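Let the sequences and hints guide you as you build the complete structure.
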Amino acid sequence: MAKKIKLDDKTQAFQKLVEDLCGQNTAKCDQCGTCSGGCPFVEDMDITPAELMRKVMLGQEDVLESETMWICATCNTCTVRCPRKLDVSKIAEALRQIRLRNEIDQLDIGKISREEIKELPQIALIAALRKLSS
Amino acid sequence: MKIPYFPGCSLKTYASGFEKSAIAAGKALDIELVELPRWNCCGVVSSLTKDDLMHHLAPVRNLMRLSDMKTSGLADEDKRLLVLCSMCMNTFKRTNLKVRENSEDLATLNDFMYLEEAKYDGSVDIVHFLELLKEYGFDKISESVNTSLAGLKVAPYYGCMLIRPKEVGIDDAEEPTIFENLISSLGAEPVSWHAKNQCCGSYLTVNKQDTVIKLTRRILDNAQQEKADVIVTSCPLCAFNLDSRQALLQETNPGFEPIPVLYFTQLMAIAFGLDAATYGFEKNKVDPMPLLNKKVFI
Ligand code: SF4
Ligand code: SF4
Numbered sequence: 001m002a003k004k005i006k007l008d009d010k011t012q013a014f015q016k017l018v019e020d021l022c023g024q025n026t027a028k029c030d031q032c033g034t035c036s037g038g039c040p041f042v043e044d045m046d047i048t049p050a051e052l053m054r055k056v057m058l059g060q061e062d063v064l065e066s067e068t069m070w071i072c073a074t075c076n077t078c079t080v081r082c083p084r085k086l087d088v089s090k091i092a093e094a095l096r097q098i099r100l101r102n103e104i105d106q107l108d109i110g111k112i113s114r115e116e117i118k119e120l121p122q123i124a125l126i127a128a129l130r131k132l133s134s
Numbered sequence: 135m136k137i138p139y140f141p142g143c144s145l146k147t148y149a150s151g152f153e154k155s156a157i158a159a160g161k162a163l164d165i166e167l168v169e170l171p172r173w174n175c176c177g178v179v180s181s182l183t184k185d186d187l188m189h190h191l192a193p194v195r196n197l198m199r200l201s202d203m204k205t206s207g208l209a210d211e212d213k214r215l216l217v218l219c220s221m222c223m224n225t226f227k228r229t230n231l232k233v234r235e236n237s238e239d240l241a242t243l244n245d246f247m248y249l250e251e252a253k254y255d256g257s258v259d260i261v262h263f264l265e266l267l268k269e270y271g272f273d274k275i276s277e278s279v280n281t282s283l284a285g286l287k288v289a290p291y292y293g294c295m296l297i298r299p300k301e302v303g304i305d306d307a308e309e310p311t312i313f314e315n316l317i318s319s320l321g322a323e324p325v326s327w328h329a330k331n332q333c334c335g336s337y338l339t340v341n342k343q344d345t346v347i348k349l350t351r352r353i354l355d356n357a358q359q360e361k362a363d364v365i366v367t368s369c370p371l372c373a374f375n376l377d378s379r380q381a382l383l384q385e386t387n388p389g390f391e392p393i394p395v396l397y398f399t400q401l402m403a404i405a406f407g408l409d410a411a412t413y414g415f416e417k418n419k420v421d422p423m424p425l426l427n428k429k430v431f432i
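Protein chains in written order, with the working numbering: chain A, 1 to 134; chain B, 135 to 432.
Honestly, the hints are just simulated from the structure, not real lab data. Keep in mind that the hints are not guaranteed to be accurate.
In the PhoX-like style, the derived pairs of lysine-lysine whose C-alpha atoms are separated by at most 25 Å in a straight line are [said to hold, decoys possible]:
(1) A:118 with B:348
(2) A:118 with B:161
(3) A:111 with B:348
(4) A:85 with B:300
(5) B:184 with A:16
(6) B:417 with A:28
(7) A:16 with A:6
(8) A:10 with B:184
(9) B:417 with A:118
(10) A:118 with B:146
(11) A:28 with B:184
(12) A:85 with B:184
(13) B:300 with B:161
Treat the numbers as computed from the prediction; the structure is a model and nothing was measured.
Below is the structure:
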């Protein structure tokens with residue numbers, strides 16, 4: 001039996017914001033957990049990729065407080081395995097962008113020591129700065 | 135064959151051994167890598183939100199630069215751009231997908247760069263060196279082998295960017311074989327291992343070192359369980375995490391045995407019997423020479 005969940009205006013607006021940014025229809029998610037099962041980073045995340053998906057589906061804005069979107073490194077393991085052809089990495093990017101566009105950065109390059117910066121290759125630094133800072 | 139080639143930042147710096155060996159190995163197969171004029175950084179990672187065009191500028195600007203490479207006689211073609219770095223490949227291919235599917239986005243990007251001499255029309259294909267080698271023919275590659283690699287167990291490390299997502303991957307996302315085919319054609323033995331397409335932790339090496347160490351440990355352990363002598367990769371960021379980060383692993387795990395990590399082109403240069411100067415081992419952190427001296431240069 002189909003069950004409908006109706007979102008109020010605020011939650012709907014948040015869900016729409018994320019979905020518009022990344023072009024994903026979160027209502028398609030079955031919550032099968034395949035994404036979480038294969039995610040190599042899952043044990044370091046506070047909520048699993050499937051939970052991240054669920055929260056966006058329900059328009060729960062507190063998802064923005066989660067660490068998960070900053071840990072997802074777009075490895076795309078979940079992307080190629082999702083039976084519903086959804087892409088959690090794009091949801092994570094949309095959430096990061098919402099934060100970063102409000103200038104809430106995750107990476108403060110000033111806090112990394114000179115020695116470490118010297119040791120790090122530019123490919124790592126540029127990628128991290130682009131994904132984790134505004 | 136003279137093909138336009140995009141090196142990217144890493145190959146000009148700490149991954150210089152990748153470029154050096156690739157140019158030499160290409161030459162041995164009569165493939166000349168012609169550096170793209172006035173190239174710029176591709177941006178390393180692609181932008182995944184629909185409205186973020188800014189981060190597609192860098193790849194598109196590079197793709198504009200191919201326009202007169204053929205007419206000027208610099209290269210034999212101008213509709214394919216060869217890349218070596220897996221990250222660059224992924225970023226370029228994703229941008230290409232975006233602009234091919236959205237003509238308005240392409241027009242906006244072209245307009246933004248109105249001072250450039252050429253416009254980009256979406257017609258350039260991105261080709262990874264491994265794809266070009268496949269096209270050349272692995273059987274034919276075998277004919278250039280002069281140094282026997284028999285008995286050398288090589289673990290092909292695909293990581294993420296070469297094979298995922300499917301729209302940009304160069305092989306099957308779960309069971310790729312292109313690396314194994316190359317390794318076999320060079321006379322070495324490809325190792326079958328499950329960590330070959332597991333993530334190394336990528337750029338989190340900047341701010342989440344513990345996470346990255348955990349992931350690289352899993353990959354390195356699996357390679358060693360399967361008795362690999364060396365790991366090969368085509369990604370300078372994977373190489374950093376798997377090779378340079380072994381020093382940290384040794385500090386915290388005294389029993390840890392280091393394992394050399396090579397770019398696949400370095401293995402090619404060895405197999406082709408090229409001058410040792412072309413191997414470009416200066417930047418490899420775990421020195422592969424002791425192992426190679428024992429197993430290859432007997
Ligand atoms: S794998 Fe796809 S359908 Fe399954 S929980 Fe994850 S996002 Fe939802
Ligand atoms: S893309 Fe992100 S969420 Fe998906 S498996 Fe990789 S790290 Fe996990």
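These are the hints, each one checked on the structure:
1. A:118 with B:348: holds (23 Å)
2. A:118 with B:161: violated (34 Å)
3. A:111 with B:348: holds (23 Å)
4. A:85 with B:300: Distance of about 11 Å is within 25 Å: holds.
5. B:184 with A:16: Given pair residue 184 (chain B), residue 16 (chain A) holds - Cα atoms ~13 Å apart, limit 25 Å.
6. B:417 with A:28: violated (47 Å)
7. A:16 with A:6: holds (14 Å)
8. A:10 with B:184: Holds - the C-alpha atoms of residue 184 (chain B) and residue 10 (chain A) are around 22 Å apart, at most 25 Å.
9. B:417 with A:118: Holds, at about 15 Å.
10. A:118 with B:146: Holds - the C-alpha atoms of residue 146 (chain B) and residue 118 (chain A) are around 16 Å apart, at most 25 Å.
11. A:28 with B:184: holds (19 Å)
12. A:85 with B:184: Since the Cα atoms of residue 85 (chain A) and residue 184 (chain B) sit roughly 17 Å apart, the hinted pair holds (cutoff 25 Å).
13. B:300 with B:161: violated (31 Å)
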